[in-house]
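Residue numbers (my numbering), protein chains in the order written: chain H, 16 to 387; chain Y, 753 to 926.
Mixed in with the good hints, there may be bad ones.
Unchecked claim - Now the stretches of chain H that chain Y is said to cover, found in silico as 3 or more residues with beta-carbon under 8 Å:
{"hint": "1", "segment": "314-323"}
{"hint": "2", "segment": "334-340"}
Said to hold, decoys possible - Label-pair restraints from in silico Cβ distances:
{"hint": "3", "chain 1": "H", "residue 1": "Leu76", "chain 2": "Y", "residue 2": "Pro783", "range": "51 to 57 Å"}
{"hint": "4", "chain 1": "Y", "residue 1": "Phe855", "chain 2": "H", "residue 2": "Gly245", "range": "17 to 23 Å"}
{"hint": "5", "chain 1": "H", "residue 1": "Lys296", "chain 2": "Y", "residue 2": "Lys807", "range": "52 to 58 Å"}
{"hint": "6", "chain 1": "H", "residue 1": "His381", "chain 2": "Y", "residue 2": "Glu823", "range": "42 to 48 Å"}
{"hint": "7", "chain 1": "Y", "residue 1": "Ala905", "chain 2": "H", "residue 2": "His381", "range": "38 to 44 Å"}
{"hint": "8", "chain 1": "H", "residue 1": "Lys305", "chain 2": "Y", "residue 2": "Asn913", "range": "43 to 49 Å"}
{"hint": "9", "chain 1": "H", "residue 1": "His381", "chain 2": "Y", "residue 2": "Tyr787", "range": "31 to 37 Å"}
What the hints assert, rightly or not - Here are some of the chain Y residues that sit facing chain H, going by a computed Cβ distance under 10 Å:
{"hint": "10", "residue": "Pro779"}
{"hint": "11", "residue": "Cys818"}
{"hint": "12", "residue": "Leu843"}
{"hint": "13", "residue": "Gly848"}
{"hint": "14", "residue": "Pro885"}
{"hint": "15", "residue": "Arg899"}
{"hint": "16", "residue": "Gly902"}
Honestly, the hints are just simulated from the structure, not real lab data.
Even glycine gets a Cβ: it sits at the ideal position worked out from N, Cα and C.
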Amino acid sequence: MNTPEDKQLSSLYKQAEQDVPAPHIDDAILSAAKRETKKFSLPFNPFSNDWHIPVSLAAVLVLSFGIVSLMENDLTSVDGVPPLSVSETELFQAPLETTAEEANSISTPSTLTKAPMKTHAKPSLRQPAAKRPLALEKETTNIEMKEGLLSLRNREIKRDEQLARKKKQQSQKTSTDNSDRISLAAAMPLSAPQTITIGTDEQAMLPYWQYKDEGMSIRLVQRLPDQTRGYFVARGFSTEHAELIAQSCVFQTVFKNISDQGKPSAIVYNMENWIVTHNGKAGGMKTREKWAEQWQKLNVAPPAKLAFEWGLLPTTQDYQPSDYNWGMAIFDLAPASSFSLKLTWQQYGEQRSVTIPNMQCSADIHADPEAP
Amino acid sequence: MKLIHRLWLLLILQTSLLMAGQTSFPPVAKPFAAYDFNVKDIDGTQYRLSDYRGKVVVLNFWATWCPPCREEMPAMNRAHHKLQNDNVVILAINVGEDEDTIFEFTGNYPVDFPLLMDRDGKVIKRYPVMGLPTTYIISPTGMVTHRTVGGRAWDDDNLLNELRLMSKKAKTRP
Numbered sequence: 016m017n018t019p020e021d022k023q024l025s026s027l028y029k030q031a032e033q034d035v036p037a038p039h040i041d042d043a044i045l046s047a048a049k050r051e052t053k054k055f056s057l058p059f060n061p062f063s064n065d066w067h068i069p070v071s072l073a074a075v076l077v078l079s080f081g082i083v084s085l086m087e088n089d090l091t092s093v094d095g096v097p098p099l100s101v102s103e104t105e106l107f108q109a110p111l112e113t114t115a116e117e118a119n120s121i122s123t124p125s126t127l128t129k130a131p132m133k134t135h136a137k138p139s140l141r142q143p144a145a146k147r148p149l150a151l152e153k154e155t156t157n158i159e160m161k162e163g164l165l166s167l168r169n170r171e172i173k174r175d176e177q178l179a180r181k182k183k184q185q186s187q188k189t190s191t192d193n194s195d196r197i198s199l200a201a202a203m204p205l206s207a208p209q210t211i212t213i214g215t216d217e218q219a220m221l222p223y224w225q226y227k228d229e230g231m232s233i234r235l236v237q238r239l240p241d242q243t244r245g246y247f248v249a250r251g252f253s254t255e256h257a258e259l260i261a262q263s264c265v266f267q268t269v270f271k272n273i274s275d276q277g278k279p280s281a282i283v284y285n286m287e288n289w290i291v292t293h294n295g296k297a298g299g300m301k302t303r304e305k306w307a308e309q310w311q312k313l314n315v316a317p318p319a320k321l322a323f324e325w326g327l328l329p330t331t332q333d334y335q336p337s338d339y340n341w342g343m344a345i346f347d348l349a350p351a352s353s354f355s356l357k358l359t360w361q362q363y364g365e366q367r368s369v370t371i372p373n374m375q376c377s378a379d380i381h382a383d384p385e386a387p
Numbered sequence: 753m754k755l756i757h758r759l760w761l762l763l764i765l766q767t768s769l770l771m772a773g774q775t776s777f778p779p780v781a782k783p784f785a786a787y788d789f790n791v792k793d794i795d796g797t798q799y800r801l802s803d804y805r806g807k808v809v810v811l812n813f814w815a816t817w818c819p820p821c822r823e824e825m826p827a828m829n830r831a832h833h834k835l836q837n838d839n840v841v842i843l844a845i846n847v848g849e850d851e852d853t854i855f856e857f858t859g860n861y862p863v864d865f866p867l868l869m870d871r872d873g874k875v876i877k878r879y880p881v882m883g884l885p886t887t888y889i890i891s892p893t894g895m896v897t898h899r900t901v902g903g904r905a906w907d908d909d910n911l912l913n914e915l916r917l918m919s920k921k922a923k924t925r926p
């Protein structure tokens with residue numbers, strides 16, 4: 016360390032230290048370098064790792080959403096029969112006291128009535144129903160009951176608030192416009208609006224009543240007794256037997272599962288559960304099975320019976336998304352009777368119902384030939 | 753990096769699953785053996801369902817008085833022409849009506865596939881039909897696999913491709 020060479024090296028190092036630029040020069044060089052580095056930052060490289068994180072996050076989100084959607088579809092529509100569930104709210108719309116004209120465009124909250132808790136999974140008569148293991152069924156039902164109670168309470172609070180708001184709006188409303196839509200937006204737990212529309216069917220040129228929500232649509236179009244007479248006489252009925260049908264209040268009906276336009280879900284209904292209220296008395300529809308008994312007693316010819324059977328709306332049916340039927344619905348009431356119809360069906364894992372008020376059977380009009 | 757690759761793989765799998773789940777023909781809850789009918793068409797020619805084993809059969813139940821049945825008939829006829837080289841056949845069974853009524857109908861709605869007659873309703877009773885029109889898809893092995901209720905746009909390319917796919921799947925099976 017103390018050799019002459021060491022001393023010489025040490026003095027060389029000391030000289031070299033003096034070659035370092037002054038601190039202010041050093042700072043200037045450094046800041047200039049930083050400026051240049053910023054100016055020439057790297058362009059976007061699709062093969063760099065920068066985009067992986069946001070894309071991965073998006074992938075996770077899409078994945079989660081997709082799996083949840085698949086699970087929901089499995090639960091609601093795969094087998095054509097919704098899973099057993101508890102009806103937390105069964106919705107009844109009290110018959111409106113206003114006439115259709117008076118009700119024009121009045122946004123009317125339907126009366127929401129709590130239904131007793133019950134399980135209901137009524138499979139179609141002929142379709143094989145999918146079964147869940149009993150233990151799973153019970154467990155699911157219990158959970159659904161608890162959830163149902165909680166959400167029912169929340170909805171009751173919300174509904175009361177909505178009713179108060181609507182009442183206030185109605186009391187302020189002094190005039191009506193010409194729209195014939197009755198909004199039932201507050202009636203159901205789902206976000207899509209439910210509407211009952213009254214109007215004139217474009218093809219039949221006769222009055223119709225239509226209910227529509229996010230998953231289901233039903234339109235009932237009046238049929239004139241004369242139309243019904245002609246139709247059934249042309250299909251092998253005697254005039255006497257055709258008259259029986261013509262005098263029973265027939266509607267041409269189109270029932271559709273429109274859930275394919277939104278959240279797909281199967282529909283199951285049983286017309287035996289539909290309630291027809293006329294003059295304060297509740298009754299049922301006259302289904303094809305009830306008519307079949309009558310035709311049997313009256314010895315109606317088989318081709319006529321066949322035409323009649325398939326001409327009616329099915330008594331029970333399950334509709335997958337986008338399925339639909341046309342058919343006659345018979346109310347067993349005299350011509351020109353007015354009545355309300357409470358429809359019930361199952362969709363989205365719950366029982367749903369709506370009452371269409373102030374429906375009207377067609378009068379038995381016999382058009383006289385015009386005088387020349 | 754491994755995690756990212758796994759996520760990508762999952763995403764691809766999930767997309768395929770979703771695509772596979774999107775079928776326009778709703779499957780029946782439980783496939784069942786199609787009833788092997790033997791009926792005549794309006795010209796008196798006899799048709800037996802089992803003669804079509806090895807092909808996908810679109811079996812439509814209809815009537816001339818049924819509006820959606822009438823509505824879907826032209827589309828069904830176009831589908832028949834488009835599917836002629838695809839091992840898929842369309843058969844329509846009229847419920848309860850006679851030759852004259854059906855013949856008159858074909859004057860307004862030309863149909864080139866067989867229009868079969870079920871005058872006494874015996875065939876329709878052997879299928880779980882609740883309303884008209886109802887159409888079943890029968891696999892080449894004679895199993896009813898899908899059902900639609902109400903009319904459809906049968907000549908829609910997606911539906912046709914589904915039928916073609918069913919036919920091809922059956923061919924590739926050992």
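So, going through the hints one by one against the coordinates:
| no. | hint | in the structure |
| --- | --- | --- |
| 1 | 314-323 | holds (count 4) |
| 2 | 334-340 | holds (count 7) |
| 3 | Leu76/H - Pro783/Y: 51 to 57 Å | violated, 36 Å |
| 4 | Phe855/Y - Gly245/H: 17 to 23 Å | holds, 22 Å |
| 5 | Lys296/H - Lys807/Y: 52 to 58 Å | holds, 55 Å |
| 6 | His381/H - Glu823/Y: 42 to 48 Å | violated, 32 Å |
| 7 | Ala905/Y - His381/H: 38 to 44 Å | holds, 41 Å |
| 8 | Lys305/H - Asn913/Y: 43 to 49 Å | holds, 44 Å |
| 9 | His381/H - Tyr787/Y: 31 to 37 Å | violated, 46 Å |
| 10 | Pro779 | holds, 8 Å |
| 11 | Cys818 | holds, 7 Å |
| 12 | Leu843 | violated, 18 Å |
| 13 | Gly848 | holds, 4 Å |
| 14 | Pro885 | holds, 9 Å |
| 15 | Arg899 | holds, 8 Å |
| 16 | Gly902 | holds, 4 Å |
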